[in-house]
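**Student:** Chain residues, written in single-letter form:
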Amino acid sequence: AQSVTQLGSHVSVSEGALVLLRCNYSSSVPPYLFWYVQYPNQGLQLLLKYTSAATLVKGINGFEAEFKKSETSFHLTKPSAHMSDAAEYFCAARGSNFGNEKLTFGTGTRLTIIP
Amino acid sequence: GAVVSQHPSWVICKSGTSVKIECRSLDFQATTMFWYRQFPKQSLMLMATSNEGSKATYEQGVEKDKFLINHASLTLSTLTVTSAHPEDSSFYICSARAATRGEQYFGPGTRLTVT
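Each protein sequence line maps, in turn, to chains A and B. So in my numbering the end of the first sequence lands on 130, straight run, no missing numbers. So in my numbering the end of the second sequence lands on 318, straight run, no missing numbers.
Rather than coming from a laboratory, the hints here were simulated on the basis of the structure. Accuracy of the hints is not assured; some may be wrong.
Claimed, not checked - Taking beta-carbon pairs under 10 angstroms as the criterion, some of the chain B residues facing chain A (in silico):
1) Q209
2) W213
3) S298
4) Q307
5) Y308
This one's a predicted model, so the numbers in the text were calculated from it and none came from an experiment. Idealized CB from N, CA, C, for every residue including glycine.
Modelling step: build the complete structure from the supplied sequences, incorporating the hints.
**Tutor:** Right under this line is the structure:
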């Protein structure tokens with residue numbers, strides 16, 4: 016069984032500052048990892064994903080994440096926050112073997128951008 | 204590409220009635236669809252997984268007789284909440300996965316309010 020932990024349910028950063036959202040996973044084998052963004056009353060939009068290729072993954076809207084097996088982490092970063100980045104962010108994991116499609120979500124991190 | 208829609212986006216119903224939510228993959232054939240439930244300020248919890256033409260597989264603790272799922276075609280899955288009660292009020296999100304793609308694509312969600 017796998018689990019996903021997001022440290023910090025609420026993160027606030029100033030506009031233009033670095034965004035760092037933390038995600039750690041627990042799994043017997045390295046899973047596939049995802050970051051999703053959710054705006055109010057909307058579904059989830061995929062930001063980026065790690066599927067055992069490059070450990071540094073670049074996504075949409077300037078976000079990127081680095082898979083670190085030694086730390087069982089997949090933290091999400093963005094060099095310069097924009098007001099439009101304010102949203103809820105979810106880290107998720109699923110098994111890397113074919114057919115194992117169930118996603119396990121973290122509890123989410125609400126990102127607030129301070130003008 | 205890979206657009207998933209849900210209908211309705213918001214529904215209010217009276218306690219004891221049933222309500223049906225549709226999930227459609229608009230530009231691909233979804234061999235597998237997933238239904239999630241999200242309470243306010245919480246993460247997504249998988250309710251069930253449905254494969255086209257097969258019975259849905261429900262997660263532990265989800266009442267299959269209360270949450271009826273039908274995946275009759277490769278582009279449509281429905282979730283029917285039967286005899287709804289106020290505690291069923293929640294945000295319901297579906298996702299769809301094609302046979303040729305590894306990731307899930309999420310719908311915009313349906314907010315159900317039971318009065």
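**Student:** Kindly indicate which numbered hints from before are broken by the structure, ordering the numbers from low to high.
**Tutor:** none
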